[in-house]
Amino acid sequence: MNTNNTAAIEKQKRGLGLKASARISNTIIYIILVIMSIIWLIPFVCIVLQSFRCESTWIESYVIPQKWGFDNYKALWNSDFPRWYLNTFIIALVVSAVQTIIVLCMSYTLSRFRFKMRKGLMQFMLILGMFPGMLAMIILYRVLDDLHLTGQYGNAVPGLILVYVASSGMGYYVSKGFFDTIPKSLDEAARVDGANRAQVLNKIILPLAKPIVIYTVLTAFMGPWGDFVFARYVSQMYPQAMNVAVGLQSWLATTTMVHDNYTLFCAGGVVVAIPVAILFMCLQRYYVEGVTGGAVKG
Amino acid sequence: MKRYSDLEYLRLSKGEKFQYKLTSFFAAIPRKLWGLVLAIGRFFKNIGTGIARECTDVFLTFKNGDWKTRLSFLVMGFGSIARGQVLRGLLFLIFEVVFIWFMLIPSGGAFWLKQLMPFGQGRDEALNCVTIGTEGPSKGYDEILDTFIQVPHDNSFRILLYGVLTLFFIIAFIYTWRANVKQNKIAEQILRSGKPLKSGKDDLRSMVDDNFHKTLLALPLTGILLFTVMPIVFMILVAFTNYNGANNNGYTNALFGWVGWDNFKTMFSWDVGGVNYAATFGEILTWTLIWAFFATFTNYFLGIFVAMMINKKGIQFKKVWRTILILTIAIPQFISLLYVSKMFSLNGIVNGALKSLGLIKENIDFWGSTAHNALLPRVMVILINIWIGIPYLMLIATGILMNIPADLYESSRIDGASGWKQFSKITLPYMLFITGPYLLTSFTGNMNNFNVIYLLTGGAPTNPAASGAAGSVGYTDLLITWLFKITTGSGTKYYLASVVGILVFLVVAIISLVVYNLLPSVKNEEDFQ
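So the protein sequences, as listed, match chains B and S.
Mapping the first sequence onto the working numbering, position 136 (from 1) lands on 136, and the numbers just tick up by one.
Take any residue in the second sequence, note its place counting from 1, add 298, and you have its number in the working numbering.
Bear in mind the hints are in silico, worked out from the structure with no lab data behind them.
On a predicted model such as this, the values are computed, not experimentally measured, just so you know.
No residue lacks a Cβ here, since even glycine has one placed at the ideal position from N, Cα and C.
One should not assume that every hint holds.
Anything over 10 Å on all C-beta distances counts as not near chain B; from chain S, calculated [to be verified]:
#, residue
1, P529
2, G650
3, A672
Below are the SDA-like pairs computed for lysine to any residue, each with C-alpha atoms no more than 20 Å apart in a straight line [stated by the list, open to error]:
#, chain 1, residue 1, chain 2, residue 2
4, B, K19, S, W718
5, B, K203, S, T520
6, S, K659, B, K203
7, B, K116, S, N509
8, S, K617, B, K203
9, B, K119, S, G348
10, B, K119, S, K659
11, B, K116, S, T347
12, B, K116, S, W718
13, S, K611, B, Y62
14, S, K610, B, I24
Here are some chain B residues pointing at chain S (derived, C-beta under 8 Å) [to be verified]:
#, residue
15, Y62
16, F131
17, R197
18, L248
19, V271
20, V272
21, P275
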């Protein structure tokens, strides 16, 4: 009885001790997390605040505007920005559709079929991926120029779509990893029942692959919004041919440009970021699945 | 180096173990490199024997085949048509007709190839090299406009481009021709064994069934071939020319020609017209490697740390913390990078805030634009890259941490392991094992991380020691941003850019091969399963 009691008291003491130390470490973690959240959020809060600033267009060392208003958004509407936005939107729509088809074709084939050149093909693409993509770009841009698909001919959208889509087969890793996890017995069962390979893909695999299809569409759609290098080459810095990234960067290219356009840039950044971020946040579950799956498989 | 047996190794102290591992890692590198050389040799030997085998097979098919087969050597697809496989035969025939038509039309394949070949062509006496094409653009008098205009003649760029395309087409033709010969051989064998041949309908059906993979791969591989392989081959060739990319209404200003290894020699020489390219390249490469190392590992460990904090038992609002971090992924990177870069500018928000808090009196020159200070901007890009990179790593680490079997922690806790012990003995080895390949790809990815560097600093502050080199080289420039600068703006030098590109490839390839072969998850795959 007595020993039992002491054991119980001992246990309680240890429990209390544990709880106290856990509380301290949890408090420290909360403090770190709060500080981190502030650091991570500051730039986004500041950019939104500064986009409403009316008293000056250049960089100021304070955040809260002295005079609030929609001047920057109105000015945005009258600048080249709507054109850039439209360019990027068209590119993103087409690319997300075509790139998804190409990536799925590629990854499904490499995951499910065993043909003679499979290993060699994958090694070849691995080596190909080690060349900087820009190396191919600087020559493709000359070819596109020869085909009159660059900025100086007024419209860079078809050329950019071609460039983004054509090499997208190289990015098959993540979705191949996903297809590898779908059991092969499903295919075999359908084949025994008399389905051909195309029917297996359409009727069995694709419905199961919804998460990875959404992941591919999402990343393909987000890509063109953030691409700077390729769009920079193909647009040749002609304003009507730029996408949002190149256009907004051109507003901050020189000191005088920054002086005239800084708040305009903030407003443009907000207009670009909000729809993309909302779309991403709605589909983030699929993105997280894709990212974690892809990294684990290497 | 002394090698220990397993038993001897176990007896070593911790420091000695670490030292042993480290020295054996570096001692293995020459062996790996030598293995690489051998593998390349084997690769070419395999190609040689493969070609020899194909040739004998073609010869035997001709010798043993009937007249239909023999005629197919000249008229592709004839054998297939004669044996009733009309669809296949027609495709072969059409391909041959298109090929011959392409080669023979004026300004077709033969035309480009003839100009591409470096025999008996024009010479550029000033540069002492064989030019591609013979006659450059000249001034011509236009009577209608009553002015001098530029008259294009040969265009080296086009000759090289279409020459390479023609070579690709010829290779494709040889491959198809070989397939045509093989078809005949197989058809003869099938007929001899008394079975019927496949009909055109069967062929179509097999496109969605037995040969479905060919249907699926056709489009992606064509894209990769035309838009990745072809340009890379082209740029490798450009490294051996003096093509500078100067653009004049779509025509190059003058012919360019083959200069052999001169561009590589330039890149590795100490003094070319007063510019020390070797030192410039060395400096940028060193910074690229330092950057890649820090950018990869700071993100990696801090990302794991943050993931562990958020996932710790008893921490509330897990979803909120995660969502705040994910916001940096959701917002297009160029916006946050450009904005953050301006936040840290001389008269930016950060300096303003620090001043009003009374922490500093003078504005801090974060980007070193006036001071030509190399260290501070370099530290800044690494720090901001942490801000960009932690959310990704947090997501990845969260996924993996949840997969670590809980009983590992349970049993270690019973054995009295502290929190730190658990981390260093269970969590970290497990993470490193699983994410080894990811670490490698993220290292090479960071070496080519154009966006973070270019949008934050644009390579600035300028490096006065490298002022004469192509592109304005700065202290935070990576090889990839240097490549970009060489090919844009005025005074482009495509030939140097392609040399840089090839060198980047070599560095990435060597690092990948060496590290990949030493990775534990490749060496002993069963360890954690």
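Structure-based check of all given hints:
For S:P529, the shortest C-beta to C-beta distance to chain B comes to about 4 Å, within the 10 Å cut-off, and the non-interface label is violated. S:G650, annotated as away from the interface, has a beta carbon of chain B within 10 Å; the closest lies near 3 Å. With a least CB separation of 22 Å from chain B, S:A672 remains clear of the 10 Å interface cut-off, as annotated. For the given pair, B:K19 sits about 18 Å from S:W718 by alpha-carbon distance, which is consistent with the 20 Å threshold.
Pair hint B:K203 plus S:T520 does not hold up; C-alpha atoms about 27 Å apart against a cutoff of 20 Å. Between S:K659 and B:K203 the alpha-carbon distance is near 69 Å, which puts this suggested pair outside the 20 Å criterion. Restraint check for B:K116 and S:N509: satisfied, since their Cα atoms lie roughly 12 Å apart, inside the 20 Å limit. Restraint check for S:K617 and B:K203: the C-alpha separation of about 36 Å exceeds 20 Å, so the hint is violated.
Of the pairs offered as hints, the one joining B:K119 and S:G348 holds, with about 17 Å between alpha carbons and a cut-off of 20 Å not exceeded. Restraint check: the Cα-Cα separation between B:K119 and S:K659 comes to about 62 Å, which exceeds 20 Å; the hinted pair is violated. Taking the CA atoms of B:K116 and S:T347, the gap is near 18 Å; set against the 20 Å cutoff, the hint holds. The straight-line distance between the Cα atoms of B:K116 and S:W718 is roughly 49 Å, outside the 20 Å bound, and the hint therefore fails.
Distance check on the hinted pair: S:K611 and B:Y62 sit about 40 Å apart at the alpha-carbon level, beyond 20 Å; violated. Our distance criterion of 20 Å between C-alpha atoms is met by S:K610 and B:I24, whose separation comes to about 13 Å. A hinted interface residue such as B:Y62 counts as satisfied when its beta carbon comes closer than 8 Å to some beta carbon of chain S; here the least separation is about 6 Å, so the hint holds. A hinted interface residue such as B:F131 counts as satisfied when its beta carbon comes closer than 8 Å to some beta carbon of chain S; here the least separation is about 5 Å, so the hint holds.
Because the beta carbon of B:R197 sits about 4 Å from the nearest beta carbon in chain S, less than 8 Å, this interface hint is met. The restraint placing B:L248 at the interface with chain S holds, with a minimum CB-CB distance near 7 Å, inside the 8 Å limit. Interface hint status for B:V271: violated, as the beta-carbon distance to the closest one in chain S is roughly 10 Å, over 8 Å. Evaluation of the B:V272 hint against chain S yields a held restraint, the C-beta minimum of about 6 Å falling below 8 Å.
Taking 8 Å as the C-beta contact cut-off toward chain S, the hint placing B:P275 at the interface is violated, the least distance being around 11 Å.
In terms of the numbered hints stated before, the structure departs from hints 1, 2, 5, 6, 8, 10, 12, 13, 19, 21, listed from lowest to highest.
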